[in-house]
Amino acid sequence: KPTDRVILVFDHVRSEKRYSPASTFKIPHTLFALDAGAARDEFQVFRWDGIKRSFAAHNQDQDLRSQCGILLSGFMTICKKSGKKRVDAIFNIWETTFPKRKKIFF
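Under my numbering, the sequence shown has 48 at position 48, and the numbering climbs by one with no breaks.
There could be a bad hint or two in this list.
Computed list of lysine to aspartate or glutamate pairs in EDC-like fashion (alpha-carbon distance at most 20 Å, straight line) [claimed, not checked]: (1) Lys80 x Asp63; (2) Lys81 x Glu42; (3) Lys80 x Asp49.
Calculated from the structure, these hints are not laboratory results.
Construct all of the structure, not just a fragment, from the sequences and the given hints.
Listed below in structure tokens is the structure:
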């Protein structure tokens, strides 16, 4: 029952403000990339696309572990490999996490 739920809050004042999910979207993308077969495992290497970016660490091949730490463009590639239909279905489930998202991958 909803009345039986307990919610623990670390910083109540901060919890009242809505924040952009920013890099936290990498976690669900990693999970559904693995589920969709777009990524084999955390060691699969994704080749650098050759586009020079401002951070040197972005300008090299990455695996899922290193992408989670730094890279957005790698997740754009993974998202495309997962397929628009699957990505949209998952985003619809997580609509409260990603409100008013823009179509940046397809």
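So, against the hints stated earlier in the document, which numbers end up violated here?
Those not satisfied: there are none.
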